[in-house]
Amino acid sequence: MKILVGVKRVVDYNVRVRVKPDGSGVALEGVKMSINPFDEIALEEALRIRERGQASEVVAVAIGPDDVQAQLRSALAMGADRAILVKCDAAVEPRDVARTLLAVIRQEGIGLAILGKQAIDDDAGQTGQMLAALWERPQVSFASKVEIKDAVATVTREVDSGLETLEVDLPAVITSDLRLNEPRYIKLPDIMKAKKKPLAVTDLATLGVSLAPQFKVLKTEAPPQRSRGIMVKDVPELIAELKKRGVLS
Amino acid sequence: MSRVLIVADHDGAQLGAGVARCITAAGRLGGVAIHVAVLAAPAAAMAQQVAALAGVAKVLVVERAENARPLAAVLAPQVAKLAAGYDYVLGPSNTFGKDLMPRVAALLGVGQVSDLMSVEGPHTFKRPIYAGNAIITVESPVGTTLVATIRTASFAAAAVGGSAAIEAAGTDAELPTHTRFVSLSAANNDRPDLQSAPRVVSGGRALGSADNFKLIYALADRIGAAVGASRAAVDAGYVPSDMQVGQTGKIIAPALYMAIGISGAIQHLTGIKDARTIVAINKDAEAPIFEVADVGLIGDLFKVVPELTAALGG
Ligand SMILES: Cc1cc2nc3c(=O)[nH]c(=O)nc-3n(C[C@H](O)[C@H](O)[C@H](O)COP(=O)(O)OP(=O)(O)OC[C@H]3O[C@@H](n4cnc5c(N)ncnc54)[C@H](O)[C@@H]3O)c2cc1C
Ligand SMILES: Cc1cc2nc3c(=O)[nH]c(=O)nc-3n(C[C@H](O)[C@H](O)[C@H](O)COP(=O)(O)OP(=O)(O)OC[C@H]3O[C@@H](n4cnc5c(N)ncnc54)[C@H](O)[C@@H]3O)c2cc1C
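Sequence lines, in order, name chains Y and S.
Just so you know, we're using the numbering used here here: the first sequence kicks off at 1 and counts up by one.
Just so you know, we're using the numbering used here here: the second sequence kicks off at 1 and counts up by one.
Read the hints as simulated data drawn from the structure, not as lab findings.
One should not assume that every hint holds.
Stated by the list, open to error - Not everything, but these chain S residues come out facing chain Y in the computed CB check (under 7 Å): (1) 135; (2) 136; (3) 137; (4) 178; (5) 183; (6) 256; (7) 292; (8) 297; (9) 308.
What the hints assert, rightly or not - No more than 30 Å apart at the CA atoms, straight line, and that leaves these computed lysine-lysine pairs for DSSO-like: (10) 32(Y) with 187(Y); (11) 87(Y) with 195(Y); (12) 233(Y) with 273(S); (13) 196(Y) with 87(Y); (14) 216(Y) with 273(S); (15) 214(S) with 145(Y); (16) 244(Y) with 283(S); (17) 32(Y) with 273(S); (18) 303(S) with 243(Y); (19) 219(Y) with 273(S); (20) 244(Y) with 214(S); (21) 193(Y) with 2(Y).
As the structure is a prediction and not an experimental result, all values here were calculated from the model.
Every residue, glycine too, gets a C-beta built ideally from N, C-alpha and C.
Model the full structure from these sequences, guided by the hints.
Below, the structure is given as structure tokens:
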């Protein structure tokens with residue numbers, strides 16, 4: 001079985017993003033970029049499945065501009081066998097990402113796709129579910145535990161009321177939650193090895209996908225800021241303050 | 001008049017808290033007929049509850065055994081069929097809606113607006129990106145069904161006081177058998193629901209153990225609050241994952257939020273931005289949580305929290 005992992009290049013989670021004063025977007029110049037943390041988790045899970053002998057190959061796929069090759073190299077250094085960059089300089093909405101990934105899945109004969117539950121830049125949280133729908137296959141979103149036996153995956157997911165376990169027939173789409181695993185660190189020799197691993201570059205036209213964006217971003221603004229409040233020195237003062245504000249009686 | 005279809009959230013047993021907030025959001029679209037679909041089994045009690053919410057014109061009930069558990073792969077084809085003729089199809093941005101709605105959108109051949117936080121016009125909406133560090137205004141195409149998840153913390157729940165008609169609805173949607181429910185281990189407790197409670201007390205990594213979290217529970221019980229936690233506390237195994245508050249956990253808007261031994265990482269703050277009053281108790285005067293707290297107290301939680309609980313005793 002081949003596993004596809006989505007790799008999205010995003011602003012590193014430690015960066016405090018700033019909105020441009022003219023409202024045209026967030027300032028991305030010179031900002032540190034990384035693999036979406038959820039995609040690192042997705043990749044780690046795919047590698048573990050392969051290491052258990054349940055998959056033959058892990059293919060990391062990204063859609064984006066040439067710069068994304070850096071993140072694909074990191075994915076190869078982590079242990080992916082191959083990478084595919086679908087070159088695209090334009091904005092790609094989740095539905096188009098899903099359509100593109102599906103084209104790759106069909107071309108590659110993928111048996112399991114693992115994506116992040118959300119990308120930490122746009123926070124859309126849509127791609128995996130849309131991919132599963134278009135592929136007409138099961139989806140398990142927010143996965144925190146994955147077990148595979150024969151052609152069935154038993155997956156535990158984090159839902160608002162607790163932990164839900166589902167059983168799905170493969171092929172399927174799984175999206176990773178934070179507690180699925182802890183991604184391994186990349187070691188220096190792995191970076192060297194990754195340079196020799198195959199990274200294929202293709203484009204949307206070759207895959208037969210044409211983008212169909214639907215939404216227009218009219219404006220980007222900073223959120224209303226909460227301002228620093230007051231400090232109290234002890235418990236009696238705290239209680240008095242909360243009573244004054246009417247939040248404690 | 002535009003038509004809105006809302007998908008009611010449930011966990012197989014109980015109606016969720018999201019549907020009432022979606023109704024309020026739908027009302028902001030102006031001059032709309034609001035229908036709510038309840039896909040469940042048994043569905044009667046949930047349908048009654050929805051019918052009693054003000055603003056609902058009609059409740060569509062699809063009761064079939066396959067709908068006993070809210071499996072996105074099973075519900076989505078039914079919702080997609082019901083959606084014919086609707087201008088808007090909405091669901092709550094909780095794990096129910098986040099799982100289901102993108103699948104519905106894809107079946108309808110449209111995109112989705114996630115975490116819709118305000119309605120600026122019939123085709124213009126605001127939503128947060130970058131963990132709430134930026135807000136974008138997006139425009140959706142006219143003449144296409146809009147699928148969206150509603151950021152529940154941004155809208156009040158619709159009041160009780162309606163008496164909508166309840167109608168059985170069926171669809172000829174073919175349902176897959178490739179997805180099967182195995183189990184749900186609900187973190188059953190008698191405390192208020194984190195997502196709708198007016199007061200929430202949260203603990204962080206500083207608690208140091210599951211046992212020490214009793215301090216947080218004791219304070220919460222004293223003031224009738226729900227209990228939340230930071231990711232660090234969840235990852236460390238002090239509390240179950242459904243208690244996580246933040247970008248990748250629950251987004252909440254209580255009247256009172258108390259952050260105890262929580263540093264205030266941006267991912268955590270995303271979850272509490274809409275709280276009315278934020279109280280921070282932290283021993284580090286430089287902790288970022290104090291930059292957003294309305295009331296701050298510098299101190300050792302192991303001393304302050306028991307004292308606070310005791311002082312609120314009588
Ligand atoms: C130059 C540029 C400008 C853009 N400008 C805008 C804009 O102004 N407004 C706007 O709404 N969008 C814009 N986009 C698109 C946006 O960045 C996202 O790619 C898109 O909205 C997907 O949303 P998401 O990543 O939040 O999806 P999610 O559904 O949250 O992503 C979940 C998972 O899907 C997979 N995935 C998502 N995207 C990719 C990808 N590209 N490659 C591989 N796997 C992926 C990953 O596994 C990810 O963890 C732009 C993109 C580019 C390249
Ligand atoms: C992709 C991604 C998503 C994330 N999503 C979330 C999310 O949804 N929710 C979330 O919470 N986090 C999230 N995080 C993690 C987040 O970045 C922080 O690591 C986390 O919130 C820290 O938790 P904490 O405040 O409990 O721990 P710490 O940052 O370690 O803070 C502990 C605090 O306790 C104080 N303290 C210590 N001892 C005492 C004492 N005796 N008395 C009083 N105060 C004391 C310290 O001064 C410190 O400020 C995410 C991270 C990533 C990368």
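Tested hints:
1. 135: holds (5 Å)
2. 136: Where the cut-off is 7 Å and the nearest Cβ of chain Y is about 5 Å from residue 136(S), the hint holds.
3. 137: With a minimum Cβ separation of about 4 Å from chain Y (threshold 7 Å), the hint on residue 137(S) holds.
4. 178: holds (4 Å)
5. 183: holds (5 Å)
6. 256: With a minimum Cβ separation of about 4 Å from chain Y (threshold 7 Å), the hint on residue 256(S) holds.
7. 292: Because about 4 Å separates residue 292(S) from the closest Cβ in chain Y, which is inside the 7 Å limit, the hint holds.
8. 297: holds (5 Å)
9. 308: Holds. Min distance 5 Å.
10. 32(Y) with 187(Y): Satisfied, since the Cα-Cα distance of roughly 20 Å is no more than 30 Å.
11. 87(Y) with 195(Y): holds (19 Å)
12. 233(Y) with 273(S): Roughly 24 Å separates the two Cα atoms, so the pair holds.
13. 196(Y) with 87(Y): This hinted pair holds, its Cα atoms lying about 20 Å apart.
14. 216(Y) with 273(S): holds (26 Å)
15. 214(S) with 145(Y): holds (28 Å)
16. 244(Y) with 283(S): The given pair, whose Cα atoms are some 24 Å apart, holds under the 30 Å limit.
17. 32(Y) with 273(S): holds (25 Å)
18. 303(S) with 243(Y): holds (21 Å)
19. 219(Y) with 273(S): holds (21 Å)
20. 244(Y) with 214(S): Satisfied, since the Cα-Cα distance of roughly 28 Å is no more than 30 Å.
21. 193(Y) with 2(Y): holds (21 Å)
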